[in-house]
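Chain by chain, the residues:
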Amino acid sequence: MIYLIDDKKERQEIDYNWTSEKLQKHQGTLVPVYTLQQIEELGIGKEIFNEGNVILLHESFFDNITNRLQKNSTEIRKDLNEHVSKQNSWVVYFSGSKSSRTNSGKIAHIPVSILYKNLEMFIEKLQNGDINLDYILFGSNPKIENELSSKLEISNDNFDDSLINTNTSNFVFQTEGKQNVPIKLENAVKEQLSTKEDYEIQSSDTFLNELISRFLSETKFDNIFIPLCFGATLSDFNGLRLASMIRCTKSKNQLSNIFIYGFVGVEYIFDNEYFNILKTKNVELIDYKKASFKTALERESDPLTIEELPKEISKLKLEVPDHYEDNHSIANEFGIYQLAYNAGIDIKEITDFDSEKLNSSFFKWLIAKNGLFEELPKEIQEKNNHYRVQLQGIKIIDKIDLSQFTKK
Amino acid sequence: MAKDKYDFIQELLENKKLKPAQQERILMLTKEEIKKDGIFGKELEERVKKLEMRIEENKNQEFKTKEKTTPILKKESVLPKYVASKNLWKFLHDYNQDKILKTTCHEIDSNELKNILEFCGTNEYNFQQHQQKVQEHYRNHFFDNKKYFVDHKIKNLILYYLTGKTYGGASNGWTDEKIKFNWNSEELKIWSDKNPNLVPHPNDGFAKNQNNNYGLMLENSIKVHLVKDNQSLRYFSQIVLYFKSLFHIRFENSIFNIIENCNKSNHWADKVKFIVSEDTFPKNLEFFTNVEKLIQAYKILINLIIEVGKENNLVQPIVELKLMETENGIDFSIHHINSIFKKSVNNTIDRKGTTFTNLIINQLNGMCEFYLKADFGNKQFAEINIWDGKKSNKKELDQFNGVEYILKFKKR
Chain A
129 MIYLIDDKKE RQEIDYNWTS EKLQKHQGTL VPVYTLQQIE ELGIGKEIFN
179 EGNVILLHES FFDNITNRLQ KNSTEIRKDL NEHVSKQNSW VVYFSGSKSS
229 RTNSGKIAHI PVSILYKNLE MFIEKLQNGD INLDYILFGS NPKIENELSS
279 KLEISNDNFD DSLINTNTSN FVFQTEGKQN VPIKLENAVK EQLSTKEDYE
329 IQSSDTFLNE LISRFLSETK FDNIFIPLCF GATLSDFNGL RLASMIRCTK
379 SKNQLSNIFI YGFVGVEYIF DNEYFNILKT KNVELIDYKK ASFKTALERE
429 SDPLTIEELP KEISKLKLEV PDHYEDNHSI ANEFGIYQLA YNAGIDIKEI
479 TDFDSEKLNS SFFKWLIAKN GLFEELPKEI QEKNNHYRVQ LQGIKIIDKI
529 DLSQFTKK
Chain B
54 MAKDKYDFIQ ELLENKKLKP AQQERILMLT KEEIKKDGIF GKELEERVKK
104 LEMRIEENKN QEFKTKEKTT PILKKESVLP KYVASKNLWK FLHDYNQDKI
154 LKTTCHEIDS NELKNILEFC GTNEYNFQQH QQKVQEHYRN HFFDNKKYFV
204 DHKIKNLILY YLTGKTYGGA SNGWTDEKIK FNWNSEELKI WSDKNPNLVP
254 HPNDGFAKNQ NNNYGLMLEN SIKVHLVKDN QSLRYFSQIV LYFKSLFHIR
304 FENSIFNIIE NCNKSNHWAD KVKFIVSEDT FPKNLEFFTN VEKLIQAYKI
354 LINLIIEVGK ENNLVQPIVE LKLMETENGI DFSIHHINSI FKKSVNNTID
404 RKGTTFTNLI INQLNGMCEF YLKADFGNKQ FAEINIWDGK KSNKKELDQF
454 NGVEYILKFK KR
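So the sequences go chain by chain: A and B. Numbers in my numbering are just positions in the first sequence, counted from 1, shifted up by 128. Numbers in my numbering are just positions in the second sequence, counted from 1, shifted up by 53.
Keep in mind the hints are simulated off the structure, nothing from the lab. Be a bit skeptical, because a hint or two may be false.
Below are the DSBU-like pairs computed for lysine-lysine, each with C-alpha atoms no more than 35 Å apart in a straight line [what the hints assert, rightly or not]: (1) A:K206 to B:K443; (2) B:K167 to B:K247; (3) A:K306 to B:K218; (4) A:K206 to B:K200; (5) B:K352 to A:K206; (6) B:K186 to B:K231; (7) A:K206 to B:K167; (8) B:K242 to A:K318; (9) B:K317 to A:K279; (10) B:K375 to A:K206; (11) B:K206 to B:K426; (12) A:K312 to B:K242; (13) A:K417 to B:K242; (14) A:K271 to B:K317; (15) B:K336 to A:K234; (16) B:K426 to A:K214; (17) A:K214 to B:K143; (18) B:K375 to B:K200; (19) A:K418 to B:K233; (20) B:K167 to B:K233; (21) B:K317 to A:K312; (22) B:K281 to A:K271; (23) A:K150 to B:K167; (24) B:K375 to B:K447; (25) B:K447 to B:K199; (26) A:K422 to A:K271; (27) B:K134 to A:K199; (28) B:K324 to A:K279; (29) B:K336 to A:K271.
All chains, full assembly: derive it from the sequences and hints.
Structure representation (structure tokens):
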């Protein structure tokens with residue numbers, strides 16, 4: 129059982145979206161506690177300390193005037209630490225004043241934002257009998273996430289944040305929150321890759337697609353800078369996917385230079401599905417340093433053309449997404465898309481076709497590598513019009529009166 | 054003739070126009086004069102002692118009237134009036150718990166916002182109002198509160214952090230890193246004018262509620278090195294948390310990590326062999342103190358160990374560091390294992406020496422008690438209370454290995 133002891137209900141609900149409904153979903157595993165009185169009412173004062181339990185305690189819970197005990201909060205935490213050390217149970221202290229994550233195996237300390245971000249995943253793991261506090265500290269891949277988050281922190285500390293002057297036009301995507309890149313680029317447009325929604329949505333194809341249409345469809349930029357890591361899980365290396373989506377989405381910036389800035393080398397990202405985007409023209413992985421941004425800005429490159437794009441995009445090899453039953457179903461849907469395209473029909477006019485699929489990185493990739501985002505050549509458009517007149521479809525001449533026929 | 058000389062000195066010292074620093078200087082010269090004359094009669098000794106005490110009282114009053122930057126004194130100075138370290142613990146603990154002042158050392162979330170609004174008696178957040186309440190409350194309930202008789206350095210550090218000026222009007226920054234940014238900074242004012250009703254130091258979750266606004270991002274980041282080497286503070290939120298790390302020791306801001314950082318940035322690994330283990334130096338001990346002064350004291354003692362080693366051609370110092378919880382607080386021990394204390398027991402009791410005296414004046418007084426446990430050579434082993442508010446005395450030991458400096462942080 130997990131006991132979530134947090135006196136700050138508004139923070140839980142409003143800031144971190146752990147509403148009553150969401151808590152209810154986990155009621156067999158998670159017990160939320162808001163006051164000392166509640167512990168007494170529920171009669172769980174002793175149960176909390178049972179073997180196998182995990183206590184998630186807001187560090188200042190016992191400093192709150194309504195929850196004060198004879199012992200002060202420091203002494204209570206000391207007792208709790210001793211208790212969990214002696215038996216098979218765990219305690220996680222969280223607070224808004226914590227900025228780092230530490231885990232000694234049975235006792236962990238984390239910022240409140242990290243607790244609520246990883247709580248759902250931690251519950252899932254615990255339900256499968258996998259108790260490891262690192263899951264609540266770093267999510268599903270604790271080892272690599274720990275490594276990446278400390279590398280990001282060091283890179284930010286070492287970043288020279290003095291201004292870079294440039295004559296080029298630039299767009300810089302930044303990670304959400306306080307660990308965004310401290311780059312100062314003259315006249316650059318900067319936007320954070322963030323949403324008010326859940327952390328998971330933050331790196332969805334739909335969200336990335338929205339960003340492209342919101343920020344990259346009106347103004348043409350020479351260079352687009354993208355962080356290699358963003359979203360809930362740094363080791364997803366979502367920057368590679370965003371770069372792929374920009375290349376595969378028809379927009380004013382489809383052909384702009386793309387620089388993906390990362391604080392780890394290619395050895396970390398070789399096996400990422402979108403790795404090959406780095407093999408395409410004018411997409412480059414650069415170091416997380418001011419000097420690398422500068423070099424990127426000074427680089428004179430042969431621009432990518434729309435004609436070259438399908439060949440370049442073919443270097444990317446994407447797998448059919450899991451939610452498709454097999455290759456046939458994707459072939460059928462793509463077939464419909466191609467037919468509509470060749471006929472000059474807007475796919476959105478076909479009512480049974482789920483046009484939301486067009487926002488997925490996989491579909492965008494199929495369209496781009498087949499060059500289907502280009503306007504049909506005038507010659508083909510004219511031929512289509514010519515044949516359309518001649519092939520007017522089925523004509524109803526009359527009805528057959530079935531009553532004239534008798535069964536034998 | 055000699056008697057007239059001393060009367061003159063006494064008159065001089067009693068002159069109210071003299072500042073404590075000038076009185077201190079005269080007293081030092083007096084001591085030299087006494088030695089020269091070979092006169093050290095009881096009566097004269099008593100007179101000098103009384104004068105020393107009076108000067109110290111004046112010195113302790115001085116921060117009320119004038120900001121004083123204390124240079125590292127080259128010569129042995131007069132010891133100050135004892136200030137108990139438990140006062141500091143309580144002062145910082147209460148600051149950290151205070152309904153409105155805790156918002157200056159924590160990021161703000163939905164619950165905290167409610168508290169601020171309640172405290173300010175308003176329905177909408179306004180930074181200027183929040184800032185004004187914080188400043189007023191600190192001055193009235195902490196800075197000027199006689200209940201908190203603590204070292205003025207920490208009181209002034211907080212005053213600067215909240216107002217941009219010390220009591221005496223000095224504005225050269227807080228901490229040794231001379232951080233100019235404070236709650237009164239123009240940058241913060243401009244930001245809050247541009248972002249009315251938004252909190253400049255939200256936590257990550259609350260930032261989402263203010264349109265993904267993570268609060269004030271500084272025009273120029275601030276580099277700090279005390280807790281973590283080369284740390285960049287770019288957001289006001291980070292400054293607020295850094296401020297807290299300067300007085301609240303706990304698991305994620307452990308002395309263990311801070312000391313490790315200090316050893317690394319001073320490149321001591323090739324000069325000193327440190328023995329530190331998490332068993333004897335737990336990271337989870339919590340206490341309130343002036344972290345900057347604590348690290349300064351640690352540096353002074355390690356440098357002393359290195360110097361003593363060099364001067365006496367000793368082998369590489371082996372230093373064991375320990376942190377222990379006691380009934381009354383926390384003990385921090387710096388134990389130079391392969392050494393002998395170079396002064397006799399009695400000499401150490403009679404004269405603290407320049408290093409210890411300056412250490413007491415500039416770092417330890419008001420922060421912690423100071424004990425020395427050592428092998429004094431000639432089969433003399435003893436523990437001496439160098440600075441604990443009582444007269445220094447020896448406790449003889451049967452056996453002791455090396456020289457151990459113990460800093461005792463008292464909570465009661």
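Evaluated hints:
1. A:K206 to B:K443: Answer holds: K206 of chain A to K443 of chain B is near 31 Å, not above 35 Å.
2. B:K167 to B:K247: Cα-Cα ~22 Å, so holds.
3. A:K306 to B:K218: holds (28 Å)
4. A:K206 to B:K200: Measuring from Cα to Cα gives roughly 28 Å; hence the hint holds.
5. B:K352 to A:K206: holds (29 Å)
6. B:K186 to B:K231: Holds. K186 of chain B to K231 of chain B sits at ~25 Å (cutoff 35 Å).
7. A:K206 to B:K167: OK: K206 of chain A and K167 of chain B at ~30 Å, within 35 Å.
8. B:K242 to A:K318: holds (23 Å)
9. B:K317 to A:K279: Roughly 18 Å separates the two Cα atoms, so the pair holds.
10. B:K375 to A:K206: Measuring from Cα to Cα gives roughly 18 Å; hence the hint holds.
11. B:K206 to B:K426: holds (29 Å)
12. A:K312 to B:K242: Holds: K312 of chain A and K242 of chain B sit about 22 Å apart, inside 35 Å.
13. A:K417 to B:K242: holds (31 Å)
14. A:K271 to B:K317: Within the cut-off at roughly 25 Å; holds.
15. B:K336 to A:K234: holds (14 Å)
16. B:K426 to A:K214: Distance of about 34 Å is within 35 Å: holds.
17. A:K214 to B:K143: holds (31 Å)
18. B:K375 to B:K200: Between K375 of chain B and K200 of chain B the Cα gap is close to 32 Å, so the pair holds against 35 Å.
19. A:K418 to B:K233: holds (25 Å)
20. B:K167 to B:K233: The given pair, whose Cα atoms are some 30 Å apart, holds under the 35 Å limit.
21. B:K317 to A:K312: holds (31 Å)
22. B:K281 to A:K271: Holds, at roughly 22 Å.
23. A:K150 to B:K167: Holds, because 24 Å separates the two Cα atoms, which is no more than 35 Å.
24. B:K375 to B:K447: holds (22 Å)
25. B:K447 to B:K199: Cα-Cα ~34 Å, so holds.
26. A:K422 to A:K271: holds (32 Å)
27. B:K134 to A:K199: Between K134 of chain B and K199 of chain A the Cα gap is close to 33 Å, so the pair holds against 35 Å.
28. B:K324 to A:K279: holds (29 Å)
29. B:K336 to A:K271: The given pair, whose Cα atoms are some 22 Å apart, holds under the 35 Å limit.
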